[in-house]
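S.K.: Residues per chain are reported as follows:
Number of protein chains: 2
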Amino acid sequence: MSVLEQTLAAIRPADRQAMADARAHQDRLTKPRGALGVLEEVAVRLAGVASACPPPLPTPAALAIFAADHGVHAQGVTPWPQEVTTQMVANFLAGGAVANAFAAQVGTSVTVVDVGVAADLPQAAGLVSRKIAYGTADMSLGPAMTVPQAVAAVEAGISVARDLVAAGAACLISGDMGIANTTASAALICAFTGKDAAETTGRGTGADDATLSRKIEIVRRALQVNGVPGTRVDEAGGSVAGAVRTLAAVGGLEHAAIAGFILGAAAARVPVILDGVIAGSAALAAAALAPDAIDYCVAGHRSAEPGHAIALGHLGLRALVDLELRLGEGTGALLAYPLVSAAVRVMHDVATFDSAGVTDKDV
Amino acid sequence: MSVLEQTLAAIRPADRQAMADARAHQDRLTKPRGALGVLEEVAVRLAGVASACPPPLPTPAALAIFAADHGVHAQGVTPWPQEVTTQMVANFLAGGAVANAFAAQVGTSVTVVDVGVAADLPQAAGLVSRKIAYGTADMSLGPAMTVPQAVAAVEAGISVARDLVAAGAACLISGDMGIANTTASAALICAFTGKDAAETTGRGTGADDATLSRKIEIVRRALQVNGVPGTRVDEAGGSVAGAVRTLAAVGGLEHAAIAGFILGAAAARVPVILDGVIAGSAALAAAALAPDAIDYCVAGHRSAEPGHAIALGHLGLRALVDLELRLGEGTGALLAYPLVSAAVRVMHDVATFDSAGVTDKDV
Numbered sequence: 009m010s011v012l013e014q015t016l017a018a019i020r021p022a023d024r025q026a027m028a029d030a031r032a033h034q035d036r037l038t039k040p041r042g043a044l045g046v047l048e049e050v051a052v053r054l055a056g057v058a059s060a061c062p063p064p065l066p067t068p069a070a071l072a073i074f075a076a077d078h079g080v081h082a083q084g085v086t087p088w089p090q091e092v093t094t095q096m097v098a099n100f101l102a103g104g105a106v107a108n109a110f111a112a113q114v115g116t117s118v119t120v121v122d123v124g125v126a127a128d129l130p131q132a133a134g135l136v137s138r139k140i141a142y143g144t145a146d147m148s149l150g151p152a153m154t155v156p157q158a159v160a161a162v163e164a165g166i167s168v169a170r171d172l173v174a175a176g177a178a179c180l181i182s183g184d185m186g187i188a189n190t191t192a193s194a195a196l197i198c199a200f201t202g203k204d205a206a207e208t209t210g211r212g213t214g215a216d217d218a219t220l221s222r223k224i225e226i227v228r229r230a231l232q233v234n235g236v237p238g239t240r241v242d243e244a245g246g247s248v249a250g251a252v253r254t255l256a257a258v259g260g261l262e263h264a265a266i267a268g269f270i271l272g273a274a275a276a277r278v279p280v281i282l283d284g285v286i287a288g289s290a291a292l293a294a295a296a297l298a299p300d301a302i303d304y305c306v307a308g309h310r311s312a313e314p315g316h317a318i319a320l321g322h323l324g325l326r327a328l329v330d331l332e333l334r335l336g337e338g339t340g341a342l343l344a345y346p347l348v349s350a351a352v353r354v355m356h357d358v359a360t361f362d363s364a365g366v367t368d369k370d371v
Numbered sequence: 009m010s011v012l013e014q015t016l017a018a019i020r021p022a023d024r025q026a027m028a029d030a031r032a033h034q035d036r037l038t039k040p041r042g043a044l045g046v047l048e049e050v051a052v053r054l055a056g057v058a059s060a061c062p063p064p065l066p067t068p069a070a071l072a073i074f075a076a077d078h079g080v081h082a083q084g085v086t087p088w089p090q091e092v093t094t095q096m097v098a099n100f101l102a103g104g105a106v107a108n109a110f111a112a113q114v115g116t117s118v119t120v121v122d123v124g125v126a127a128d129l130p131q132a133a134g135l136v137s138r139k140i141a142y143g144t145a146d147m148s149l150g151p152a153m154t155v156p157q158a159v160a161a162v163e164a165g166i167s168v169a170r171d172l173v174a175a176g177a178a179c180l181i182s183g184d185m186g187i188a189n190t191t192a193s194a195a196l197i198c199a200f201t202g203k204d205a206a207e208t209t210g211r212g213t214g215a216d217d218a219t220l221s222r223k224i225e226i227v228r229r230a231l232q233v234n235g236v237p238g239t240r241v242d243e244a245g246g247s248v249a250g251a252v253r254t255l256a257a258v259g260g261l262e263h264a265a266i267a268g269f270i271l272g273a274a275a276a277r278v279p280v281i282l283d284g285v286i287a288g289s290a291a292l293a294a295a296a297l298a299p300d301a302i303d304y305c306v307a308g309h310r311s312a313e314p315g316h317a318i319a320l321g322h323l324g325l326r327a328l329v330d331l332e333l334r335l336g337e338g339t340g341a342l343l344a345y346p347l348v349s350a351a352v353r354v355m356h357d358v359a360t361f362d363s364a365g366v367t368d369k370d371v
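These protein sequence lines map, in sequence, to chains X and Z. Note that the numbering used here has the first sequence beginning at 9, numbered continuously upward. Note that the numbering used here has the second sequence beginning at 9, numbered continuously upward.
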């Protein structure tokens, strides 16, 4: 079996008994029932992931930033030059980006993974080279990747997840860098949810009105040129081959790698906090490959990109942070990490009505 | 001059020049302009608070939980017995409450301040006794407090803020405990914004439909009995005496103390992260006493209580965390603390386009 096949075979749904135990435990804690709102469900989810109540604290956590370039950049879908991908990789490795500041603040490691940057990168501490191509091909003219390239990118993500867990990570955090990658995200969200490009396509990191119109047109063309509406995973009954074909047709190398990162987390029974629209679209691909993998995901934040809310709705995930971020890099997921930790910490530290001698209104 | 008068005289608006410098600095950092959304404004606000760009990291932070009881409890506005206030104070001091778990997670100290619990509390480490009364009087029958009691409670909050800052706190976090205290919050929000009780009153920590109807009726009666619509601060031109009279009429001792805590933070030029609807209603009182004090506030979270959004709108504050929490204790503000820290950290750690050699699309 291939690494992808082995991984898919290893993924099980979250443990429903541990989740039920976690819900019952929440109700005994010295707080009104349900008073921690969305965080109670986060703790329940992590109990299901770990098959344990209370679940272990998600510490330490590891951020992986998957970096790649995009052939569709040539169509003028973003005001940023393509070389910014390479420059930002250098910035991550030097510790100068927002993701580094947030990672330092919340105490997570940072690993940068080159799955397809359009330049040769010098070796550096913290950089993992899994380059599959010097960027994708232009999806508005044909498939962005070959199917073997897409599988290789997914498997790169799986192996990064495995390696980080083997090194001790109890929680994975997804990040991305790739100028033009919100264009591929919009196309993937159309492909996996059936929405029109006008609904899924946003301004990314700063497209003006003219660029946004062009971007929507390019997303439509990419879907049409690649016949993607005809291979929609929903319609194809969720076949693995169909999902990989869609990913190859209109995805990015980092999207494919993040899909693999999610699958790798699920196979290792470790939670993964998703960043914004890049991770959200990659999670749609992961869900098409293995629906149970989504049990292992926590939506870190809701991006300002309109397609992200559509993707989260489709996945049944609710974002923890909603602060109009539109940066990527894993920044939104890093901000969510202390919230996830706090949700789990409650399950360990908080007294019960009985143990604390507090009167319970419901007993 | 009284402590209150001295404090009001010491409050200055946030430093507009430092805020402009912070905005300009944000635009030089290696990220698209505005890409950190709401967090950019948090960093700008903290620059204004500290009169420095970048502002100092808000570390260490100190949580103060102001605890008190409410005479209006006798009207059946909550399903929880009044003794739960005392029991939860013991739980905080034993480290067993959710606020303790969150404080441990984000690394802040916890101080519990008795400003009006309806029982004698044994001395304990972490407990500050500033008891003004054994709970308020029933506001549905007359004023909850005398004016001197309200002033004493405000001054208790001021002195707690001063003491925590003197002990090294660079950021204050507001918390509360008081069975029935969302009833007083709803009344204060009506008084300071002119809204009807039906809009400001919610289920607190678990009122059923019948209790909610009674609670709305009691809030209306309290406002009427005390003639509060006639002394509305908005209408009274924001006089200090008017604000104190309103606080005394329909507030709680912890509401008055938290208003003082905000004033104390502003006078010390230290940021204060507000928790939910109790702090939001107290902040309306603080704003009536000293409008510039709100420059020093960060809204930690948006509570599920409907009056809270009204209060935040009136104050011009946007909450950072929105997870349907309805617990109080400072829990929502504690969750926001790492977000505030991250926002400031960006100003210290992140490279500029020039320093990192990253191409800026806008230059």
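The reader is advised that the hints may include incorrect statements.
Note that identical chains are pooled: a pair holds if it fits in a single copy or bridges any two copies.
Taking lysine to any residue pairs in the SDA-like style, the calculated list, with each CA pair at most 20 Å apart, reads [stated by the list, open to error]:
#1 Lys369 with Glu207
#2 Lys369 with Thr94
#3 Lys369 with Ala218
#4 Lys369 with Ala60
#5 Lys369 with Gly214
#6 Lys369 with Val11
Since the hints were derived computationally from the structure, they do not count as laboratory data.
S.K.: Which earlier hints turn out false for this structure, listed by number in ascending order?
M.R.: 1, 4, 6
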